[in-house]
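**Student:** Chain order of the listed sequences is A and B.
Using my numbering, you'd call the opening residue of the first sequence number 240 and step up by one each time.
Using my numbering, you'd call the opening residue of the second sequence number 240 and step up by one each time.
Errors might be hidden in some of the hints.
Identical copies go unnamed one by one, so any copy, or any two together, can satisfy a pair.
[Stated by the list, open to error] With a cut-off of at most 27 angstroms between alpha-carbon atoms, the simulated DSS-like pairs for lysine-lysine come out as follows:
no.	residue 1	residue 2
1	K348	K360
2	K344	K311
3	K348	K307
4	K255	K354
5	K344	K307
6	K332	K377
7	K381	K332
8	K273	K354
9	K255	K381
10	K354	K381
11	K332	K344
12	K349	K332
13	K381	K307
14	K377	K348
15	K307	K377
Hints are computed from structural coordinates only; laboratory data are not their basis.
As the structure is a prediction and not an experimental result, all values here were calculated from the model.
There are 2 protein chains.
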Amino acid sequence: MTDEQYMQQALNEAQKAFDAGEVPVGAIIVMNDKVIARAHNQVELLNDSTAHAEILALTTAFNFLGSKYLPKATLYVTLEPCLMCCGALYWSKMGRIVYGANDEKNGYKKTTGDKSPFHPKTEVLNGILKEDCAGLMKDFFKARR
Amino acid sequence: MTDEQYMQQALNEAQKAFDAGEVPVGAIIVMNDKVIARAHNQVELLNDSTAHAEILALTTAFNFLGSKYLPKATLYVTLEPCLMCCGALYWSKMGRIVYGANDEKNGYKKTTGDKSPFHPKTEVLNGILKEDCAGLMKDFFKARR
Chain A
240 MTDEQYMQQA LNEAQKAFDA GEVPVGAIIV MNDKVIARAH NQVELLNDST
290 AHAEILALTT AFNFLGSKYL PKATLYVTLE PCLMCCGALY WSKMGRIVYG
340 ANDEKNGYKK TTGDKSPFHP KTEVLNGILK EDCAGLMKDF FKARR
Chain B
240 MTDEQYMQQA LNEAQKAFDA GEVPVGAIIV MNDKVIARAH NQVELLNDST
290 AHAEILALTT AFNFLGSKYL PKATLYVTLE PCLMCCGALY WSKMGRIVYG
340 ANDEKNGYKK TTGDKSPFHP KTEVLNGILK EDCAGLMKDF FKARR
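Only chain A is shown next, with the shape it has when bound in the complex (with noise of 0.2 angstroms):
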C-alpha cells in the first residue's frame, strides 16, 4: 500500500470524528504493512481534552504489541501533531510519520520552529493528501460557525 492509501484510511477515521462532532482528526498506525492500530479524536466524548488521535492510537499499538516503542512503525495522521503528541511521538521511538495538512494554530512548528520535537532516528514526511485532510477541517469548523 502506499503512503496516500493509508492516509485515506486515516482519514476515513477523520470522518467518522466529523460525524461524531469532534474536530475531525484520524490516524492509523502501520507495521509490515498491516494495520495495527485506527483512532479519531474523542476529545468530546471523553471528557479528555488531551484525547487526540495520535494518543488514542498510541496507546492501541502499545497495548497490541505489548511494547512501549514502535521504532519500525509509521504513524499517519490527517492534521499537523501538536505538542504534546509529538512529545509523546518522541517518547514511542516511531519510525516514521505521515502527516496531512499543516496545522498553523496548534501544529508544533509553531513552537518548536526550527527545532524539531521528534526522536533523532524518526523520519517524517507531510502533505499527503492534504487538501482533503485540511477540506475535512475546513467543512467542520464553517458548520459550527
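Based on the hints, put chain B in the right spot on chain A.
**Tutor:** Just chain B now, kept in the frame of chain A:
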C-alpha cells in the same frame, strides 16, 4: 496547605514509583485545597512510554470532575515536565503548575527555549523542594548503573 506541603505529597507519589522500579516522578492535582488526583510514573508497569505521572493525574482529574478543562486547579510535579506533558497541560488549561527539580535532559525548556508551551493564563512556579526531588532521581539512576 503550602506549596511545600503539596509538593511533599507529590514526592510521596514519586517514592512509590521509585519503589516499583519506575523513574521516580510523582504528581498531584489540587483544587479548592483538596487533592483530586495523585499519580506516579507507570511507564514500565503499563508498558506505555507515555504513562507519565502528569498524564495519569490529568486523566484522573478529568474523570473526577467530569470536565476537560482545569483552570482552577494546580498541578504539583516533582520534575520539570517534558514536551508531551506540557502539551497535555496546555490542552487542560491548568490554572497553575508547580514543579520541583529541573530536567536538563528531557525537560521542555530544552526544546521550547524562550517560548512558553503553556496556556497564556497558566501560572508556572518551579524549584519547590527541588533538592529532594532531584535527589530521588539521582539515587534512582545511581542504583541502576
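**Student:** If a hint holds in the structure, say so; if it doesn't, say that too.
**Tutor:** A quick look at each hint next to the structure:
1. In this assembly of identical chains, the alpha carbons of K348 and K360 lie at most 27 angstroms apart whether taken from the same copy (18 angstroms) or from different copies (21 angstroms).
2. When the C-alpha separation of K344 and K311 is checked against a cutoff of 27 angstroms, the pair qualifies only between copies, where the shortest distance is 24 angstroms, while the shortest distance within a copy is 30 angstroms.
3. In this assembly of identical chains, the alpha carbons of K348 and K307 lie at most 27 angstroms apart whether taken from the same copy (26 angstroms) or from different copies (25 angstroms).
4. When the C-alpha separation of K255 and K354 is checked against a cutoff of 27 angstroms, the pair qualifies neither within a copy, at 33 angstroms, nor between copies, at 34 angstroms.
5. In this homomeric assembly, K344 and K307 come within 27 angstroms of each other (Cα to Cα) only across copies, at 20 angstroms, whereas the closest approach inside a single copy is 30 angstroms.
6. In the homo-oligomer, the alpha carbons of K332 and K377 lie at most 27 angstroms apart only across protomers (25 angstroms), although the nearest pairing inside one protomer, at 31 angstroms, exceeds that limit.
7. Taking CA atoms no more than 27 angstroms apart as the test, K381 paired with K332 passes between copies only; the shortest distance there is 25 angstroms, against 36 angstroms inside one copy.
8. In this assembly of identical chains, the alpha carbons of K273 and K354 never lie at most 27 angstroms apart, being 31 angstroms within a copy and 39 angstroms across copies at closest.
9. Only within a single protomer do K255 and K381 lie at most 27 angstroms apart by alpha-carbon distance; the minimum there is 17 angstroms, versus 48 angstroms between protomers.
10. Taking CA atoms no more than 27 angstroms apart as the test, K354 paired with K381 passes in neither setting, with 33 angstroms inside one copy and 31 angstroms between copies.
11. For the homomeric pair K332 and K344, the shortest alpha-carbon distances inside one copy (25 angstroms) and between copies (16 angstroms) are both at most 27 angstroms.
12. For a Cα distance limit of 27 angstroms, the shortest separation of K349 from K332 qualifies both inside one copy, at 22 angstroms, and across copies, at 18 angstroms.
13. For the identical chains of this complex, K381 and K307 are inter-copy neighbours only, at 24 angstroms across copies versus 39 angstroms inside a copy, given an alpha-carbon limit of 27 angstroms.
14. Proximity of K377 to K348 under the C-alpha cut-off of 27 angstroms is restricted to the intra-copy arrangement: shortest distance 20 angstroms within a copy versus 33 angstroms between copies.
15. When the C-alpha separation of K307 and K377 is checked against a cutoff of 27 angstroms, the pair qualifies only between copies, where the shortest distance is 24 angstroms, while the shortest distance within a copy is 35 angstroms.
Hints 4, 8 and 10 from the list above are not met by this structure, while the remaining hints are.
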